[in-house]
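**Student:** Could you put together the complete structure from these sequences and hints?
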Amino acid sequence: MINSGFLVRIILIVTALMCLGWADSWEELKSSAGTVASVRAGFTQEKHMKILTRPLVSEGVLFFQGPDSLRWEYKHPVQSILLLHNGNTRRFFKKSGSLVEDASANLQSMQVVVQEITQWLNGRFDDNPMFAARLEPGRKIVMVPRDESFTRLIQRIEILLSDRPAVIKSVMIFESEDSFTRLVFKDVILNQKLDDALFRKVR
Amino acid sequence: MKPIFLLLTALGLFLSCSSLPQVYPAGDSAEPQSGRTCRGPYPDDDWQLLHSIEATLPGGKKGFLMGLTVISPSSRTARCVIMTLEGFVIFDALYDKKITVKRAVAPFDSEVFANGLIEDINLIFFRPSGYIKASGFLKSGAAVCRYQKPDGRLVDIINQGAHGWEIRQYLPDFRLARTVKSMYLDDHKGISDKIELNAHGAPGYALVMDLVEAIPLTD
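Protein chains in written order, with our numbering: chain A, 1 to 203; chain B, 204 to 422.
Hints in this document: simulated from the structure, not taken from any laboratory. Do not take every clue at face value.
Here are some of the chain B residues that sit facing chain A, going by a computed Cβ distance under 8 Å [unchecked claim]:
#	residue
1	255
2	257
3	265
4	266
5	267
6	292
7	302
8	306
9	394
10	397
11	406
12	408
13	410
14	415
As the structure is a computational prediction, the values presented were derived from the model and not from experiment. All C-beta atoms in this analysis are idealised placements derived from N, C-alpha and C, irrespective of residue type, glycine included.
**Tutor:** Shown next as C-alpha cells:
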C-alpha cells in the first residue's frame, strides 16, 4: 500500500548522518564516522505546510547500532515503532492500547537500504548515486536528488551539523515549495551499549 | 420439475433485489428531534482535522496513515492530505466542485482513488446534497433522516443517541454502498473522536479514523 522502503530510506539517511562527524571536508566526515558505533537520541519532528495554521509536531526517540540496526519510535501524538534488524523491517502502530503490525511495509526495498547505509556510515554519502551532495559553510550539507523524477518526492535535504563532533543538529526535508519536514535532535548519546532486543522487539 | 425451477428463479430474483429500511413517520411532537437528526453529525464551521487512519484492505491487510483534512462546510470545499506516519505527503488534493490533485505518489496516483477519497470525505464531513425524502424512526427506534441525492443515491442519517451517529449511503438500486459510524468520547465542539467507514461490495475496504487534533478555523 505504501512504499515504506522509500520512507525508511530517508529515515536511514537521517540516522546515518547522525553518525557523521563534525567536519569541514568530506574526508574529515568520513574519518569521524568511523568512530561511531551506536546512537541514542530524542527528536522533534515538525511538519510544515502552507495550509496548516500551525505545524504538526511529533516527538520520539531513535536508537541506532551499526552496521544496520535501527529503532525509530514516535511517542507523541501517535505511537508507532519502526524496527530494522538483520535486514528485516517491521513497523508497528499503537491501536487501542496494543501494538499492531503494519502489513503495508515494503520489505524488499530494505535490501537496497541496507547496502546503502554501509556507505553512509562510512561517511561516503557523497558517493550515493541518488543524491548530489555538497558541503556548505556553517557545517551544512545539502543533498539534491540526481534523478529529475525523484524531485517530485523530495526537492532537497539540508543537514545542519552540530558543534559537537559526530552529532547533527537538525535535518530539513523539502518535499515541495510549501511543504517541508524539520527534524531536531536532542540528548544525543554516542557509543553507548544498546540492548540487542531494542531492535528485535517492540517492548 | 418446471414449477420448482420457476420457484427457485423467482426466489433468486427476490433475494437479489435490495430494499431500504422502512422509515416510520414521527408524530408532530417529534419534529425538533427530526430536525436535529436531519442536521446530522456534520460540522457547520471550518476545521482543520488531523486523524490517524487504520485502513483495512481486501484480504484483511492493515495499513496506517495520517490524514489531514481542512473542511469548509459552507462552501463544500476540502483540502485533503494523506501522509505517512513519518510525515511524508503521499496524496494532496483540493476539492472545490472538482478535484485538483496537487501531489500523488503511487499507489495513490489513480483517478479512481482520488474520486473515491473525495466521495468518502463528502459523506463523512458534509451534509448530503439534495432533499429530505423522509424522516422518522427505524424499526430499532433510532431516529432517522433520509436524503435523496441528485445522482439517485440515498443517505440515511441515523441518530444512535449515546452511541453516536450512523450514516448509510445506498446506491440508486438500494444496495448499501457505505456505512459511516461517528463516535463521541470527548467534547470537541461537535467533532467526532472516532470515525469508522466501511465500503461495502467489491473491493471493499474499511477505515478507522481516530481524531488526533481539531483546530477551529472560524473566528
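**Student:** Find the hints from earlier in the document that the structure breaks and name them by number, from lowest to highest.
**Tutor:** The structure conflicts with hints 7, 9, 10, 11, 12 and 13, although it agrees with all the remaining ones.
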